[in-house]
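**Q** Each chain, letter by letter, is given below.
Protein chains: 2
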Amino acid sequence: MKIGIFDSGVGGLTVLKAIRKHYPNVDIVYLGDTARVPYGTKSKDTVIRYSLECAEFLREKGVELLVVACNTASSYALEVLRSRFEFPVFGVIEPGVEEAVKKTKNRKVGVIGTPATIKSEAYQKLLKFFGNEVVAKACPLFVPLVEEGILNGEIAKKIVEHYLSEFKDSGIDTLILGCTHYPLLKPVIQEFLGSVEVVDSSEAVSRSLKDFIKNEGEGKTELFFTDLYQNLDFLIELILGKKITPKLAEVEIY
Amino acid sequence: MKIGIFDSGVGGLTVLKAIRKHYPNVDIVYLGDTARVPYGTKSKDTVIRYSLECAEFLREKGVELLVVACNTASSYALEVLRSRFEFPVFGVIEPGVEEAVKKTKNRKVGVIGTPATIKSEAYQKLLKFFGNEVVAKACPLFVPLVEEGILNGEIAKKIVEHYLSEFKDSGIDTLILGCTHYPLLKPVIQEFLGSVEVVDSSEAVSRSLKDFIKNEGEGKTELFFTDLYQNLDFLIELILGKKITPKLAEVEIY
Chain A
1 MKIGIFDSGV GGLTVLKAIR KHYPNVDIVY LGDTARVPYG TKSKDTVIRY SLECAEFLRE
61 KGVELLVVAC NTASSYALEV LRSRFEFPVF GVIEPGVEEA VKKTKNRKVG VIGTPATIKS
121 EAYQKLLKFF GNEVVAKACP LFVPLVEEGI LNGEIAKKIV EHYLSEFKDS GIDTLILGCT
181 HYPLLKPVIQ EFLGSVEVVD SSEAVSRSLK DFIKNEGEGK TELFFTDLYQ NLDFLIELIL
241 GKKITPKLAE VEIY
Chain B
1001 MKIGIFDSGV GGLTVLKAIR KHYPNVDIVY LGDTARVPYG TKSKDTVIRY SLECAEFLRE
1061 KGVELLVVAC NTASSYALEV LRSRFEFPVF GVIEPGVEEA VKKTKNRKVG VIGTPATIKS
1121 EAYQKLLKFF GNEVVAKACP LFVPLVEEGI LNGEIAKKIV EHYLSEFKDS GIDTLILGCT
1181 HYPLLKPVIQ EFLGSVEVVD SSEAVSRSLK DFIKNEGEGK TELFFTDLYQ NLDFLIELIL
1241 GKKITPKLAE VEIY
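In order, the protein sequence lines correspond to chains A and B.
Just so we're aligned: the first sequence equals residues 1 to 254 in the working numbering.
Just so we're aligned: the second sequence equals residues 1001 to 1254 in the working numbering.
Simulated from the structure, these hints should not be mistaken for lab results.
Here a beta-carbon is modelled for each residue, glycine too, at the ideal position from N, C-alpha and C.
A few of these clues could be false.
[Said to hold, decoys possible] To be clear about the criterion: a stretch of chain B counts as covered by chain A if any three or more of its residues have a C-beta under 8 Å from a C-beta of chain A, and this derived list gives those stretches:
id : region
1  : 1036 to 1042
2  : 1147 to 1156
3  : 1228 to 1241
[Unchecked claim] With beta-carbon atoms standing in for the labels, derived distance ranges:
id : chain 1 : residue 1 : chain 2 : residue 2 : range
4  : B       : Lys1168   : A       : Ser83     : 51 to 61 Å
5  : A       : Lys125    : B       : Arg1082   : 50 to 60 Å
6  : A       : Lys157    : B       : Glu1250   : 35 to 45 Å
7  : B       : Lys1044   : A       : Glu237    : 15 to 25 Å
[What the hints assert, rightly or not] In silico lysine to aspartate or glutamate, DMTMM-like type, Cα no more than 20 Å apart, as pairs:
id : chain 1 : residue 1 : chain 2 : residue 2
8  : B       : Lys1247   : A       : Asp45
9  : B       : Lys1157   : A       : Asp45
10 : A       : Lys44     : B       : Glu1148
11 : A       : Lys247    : B       : Asp1045
All chains, please: the whole structure from these sequences, using the hints.
**A** Structure representation (structure tokens):
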């Protein structure tokens, strides 16, 4: 079985890693839209257009199931993708929310993400539907921080403090990392928030696929990116824990 | 006379402002490629392709002279643009270097910019050609910091310190801000570096045009952007000091 995953950049590799762990035999084609990253500071129309183009690229590669690893694209483009393509399309919002709902005891849940993800209210609506109070906050500097490889130290701590201090007295007992880049900052975030349960949705996404994936195939992993920029090899190895040579993707523009 | 200016985003508005001050009557069409910002972390091939597309958009608007306000595009795409288009094409590297050469007394000049600008060595080569020692450094977090509107305070200071501390003992007496976003951080940079002369090339760019511009026209300013994201109106007013409604640009993709 061939699975497609796309993300605005390298962050979705955290989702790929979790899926690969659970389904070692499937073939995976990953597309990172590094030529147009980030999505999270761009408008809904632009995010939908980019998402359609990424999905079309993966359709041409013959994928039978699509995972939208990008939270921004999951927030804005999931319905359009489901109406345009015949294969099943999975996002990261619902699994993340399910995971948080399982973990919270006081039903006060925080969520952080890009400006677009937070503005879409996709997480907030679903969390409220399940009866939770929600505190949401956009953290636009986290993505460039991760892309720059600054994952700890004083700057990372100051920026985490800048965005997350309002969560300290908010009474939340669970925080959703609503962006695939953020798990790389989890140690600093966890240290700052102390006893709050920090939910990384990549594991939850992987579990949400279990009724739809047959663990059959050659276990191949292909990584495509729309731009092969200089930090790419470093970040692939950092996230996946092994070297895989990225290929340049030529994405058809609608 | 109609002048075109393009940049990867809003930063080039600092160049527009300087040009407008010197040439109040010309008509200016500005294009900010906000759907694909930033350029400075992307590869040479991608930056060249995007630059050609931006220039073509402005050619169709009837511009008679093109200013590439983006340092990354100036570093990588100037020659290609000059060979493809008939109107004169001006970049920001040469004027910035000229300005620094005038100001330095000890011929030790620093330059900061995006990873792509610094990697291109465009500034370094030209500064060395004029007999200067050069210290160069990429500052990838400065652009998202400005786009996020964090222009002072503790985080801005920490990040400035992170990137610029090596300039403190380097002996440079002049520093070029090799990115159109950076002038917005100039107060923090200047405070950190003390007596070092900080060169913002937007004024120099404007002066470099003086033999090519006729100050004739209706004084119109049109602002186009490839994505109308949420911070845009705020940033336009912050940089230009007045409100101008941005229009959506549909850029033909090569």
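**Q** Kindly indicate which numbered hints from before are broken by the structure, ordering the numbers from low to high.
**A** Of the numbered hints given earlier, the structure breaks just one, which is hint 9.
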